Amino acid sequence: MDQQAIFLTFRLAAITTVILLAVSIPLGYWLAFGQARWKPLVEAVVALPLVLPPTVLGFYLLVLMGPQTAVGRALSTIFGHPLAFSFAGLLVGSVIFSLPFAVQPMTSGFRSVDREILEAAQLLSADRIRILRRVLLPLVRPFLLTAAVLAFTHTVGEFGVVLMIGGGIPGVTKTLSISIYDQVQDFAYRQANATSLLLLSVSFLALLIIYGRRGRAGV
Amino acid sequence: MSEYLRIDVEHTLGELTLRVACALSAPWTVLFGPSGAGKTSLLRVLGGLTRPHRGRVVLHGRTLADSGSGTWVSPAQREIGFVTQRPTLFPNLNVSANVAFGLRGLSRRASEERAVQMLELFQAGELARRMPADLSGGERQRVALARALAPQPRLLLLDEPFAALDGDLKVSILERLNHWLAEHKVPALYVSHDVAEAFQTASDVLVIERGHIEAQGPPETVLANQRAQLLRHLNSNRTNIGVDGVRLLY
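If you read the sequences in order, they're chains A and B.
Taking the working numbering, I'd label the letters of the first sequence as residues 77 to 295.
Taking the working numbering, I'd label the letters of the second sequence as residues 34 to 283.
Keep in mind that the hints were calculated from the coordinates and are not lab data.
Please read all numbers here as calculations on a predicted model, not as lab measurements.
Treat the hints with care, as some may be off.
[Claimed, not checked] Negatives, chain B to chain A, calculated, CB over 10 Å:
| id | residue |
| --- | --- |
| 1 | S58 |
| 2 | G69 |
| 3 | R87 |
| 4 | G200 |
| 5 | K203 |
| 6 | E216 |
| 7 | E242 |
[What the hints assert, rightly or not] Rough simulated footprint, nothing fancy, chain B against chain A, three-plus residues with beta-carbon under 8 Å:
| id | region |
| --- | --- |
| 8 | 135-143 |
| 9 | 185-193 |
| 10 | 211-225 |
The beta carbon of each residue, even a glycine, is placed where N, CA and C say it ideally should be.
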């Protein structure tokens, strides 16, 4: 099995999950409780990766990260190198591609909280962070777990976006899914089978965790 | 008690338009009216849970909301306690932590002591370590009362909070609540459908119908003038008019 690809894939998935949780908690809160008129626009943008072919998303991200755009030039300055075909670029692509898988469970979680409980908290404390930390997050814990597991497994399994942005450079951007593709191209079916079994096991285990926890939490 | 609350607000919610202009000075005011008259909506406006489309709310000389100047004080900064009909305790926190949630600037130990002290006021001290899911409806309501009073609010809003309490306990809790409110000079605005309760407890009655204040004054005067409305409530079977209410009608 491609040890480099395993390490790189799980590193990418772990960092992506941490970033997505940090983003999806405030974004999910806002989507659940916010009243801005342009909320449907944000919801549509967040959900876009669910319906968009990964290659399309990968293509536009590749263009955006390129030296022809102001964003690409700014990112190159910040990171000290072009983002395309780098781990950082892969990370940006993964975060965007897996965004709905983290944001939507969190939004559902916050929406499931009894409005009167939130109002009771707002009557007693003006500190939103305290309300989030002491009341809301404990109540949406099963959804938080779902968001983390889905973000992680979806990143582990992504192919189109990482191929477009990363190009499959060994040790830098070559993830497990690209490794399987290369193994099949080389007729190394035994190796492809071993790698695929690993991904299958990870995905199955993740779903088992989610459904097991949901069953216990009654969600 | 001198005037503590001045309300002049207008708010449309579905088919109901709330147009309320009044001033409160009685320590215990009962807000009386049929279902859908706007009682809860008015309390939500006062508590800051609903932002009125137009108008002004002033509590103890402090403007809490003013559509003209854009003033808006958030619910927690209003120093208003609010207890609803359905007690909504935080299910993940034990009773003591629920009561201590609104306390600020106290050490953990002092907060816990204060929480237990407030619980004991409502004969619920032994519930401190229990979780809300393990409480009966009446116990939850007593905890909700203790939680609302713990930060020592400047006004207490009660939206039919005693519906889940049985007779003797209700009388006992009301007595203790009245005593605490009087001792701390905290006025209360209390929504009730129960005319007998209004007679027993209110120093002032505010009658609301279809979003408007129809009458205000001492219960003997106001409720006598509302005879026709009481009959209507009686016919709709939504109101427990009590013995005093029956005397009033016949």
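Status of each hint after checking the structure:
| no. | hint | verdict |
| --- | --- | --- |
| 1 | S58 | 24 Å, holds |
| 2 | G69 | 19 Å, holds |
| 3 | R87 | 18 Å, holds |
| 4 | G200 | 26 Å, holds |
| 5 | K203 | 22 Å, holds |
| 6 | E216 | 22 Å, holds |
| 7 | E242 | 26 Å, holds |
| 8 | 135-143 | violated (count 0) |
| 9 | 185-193 | holds (count 3) |
| 10 | 211-225 | holds (count 3) |
Comparing the model with each earlier hint shows a violation of hint 8 alone; every other hint is respected.
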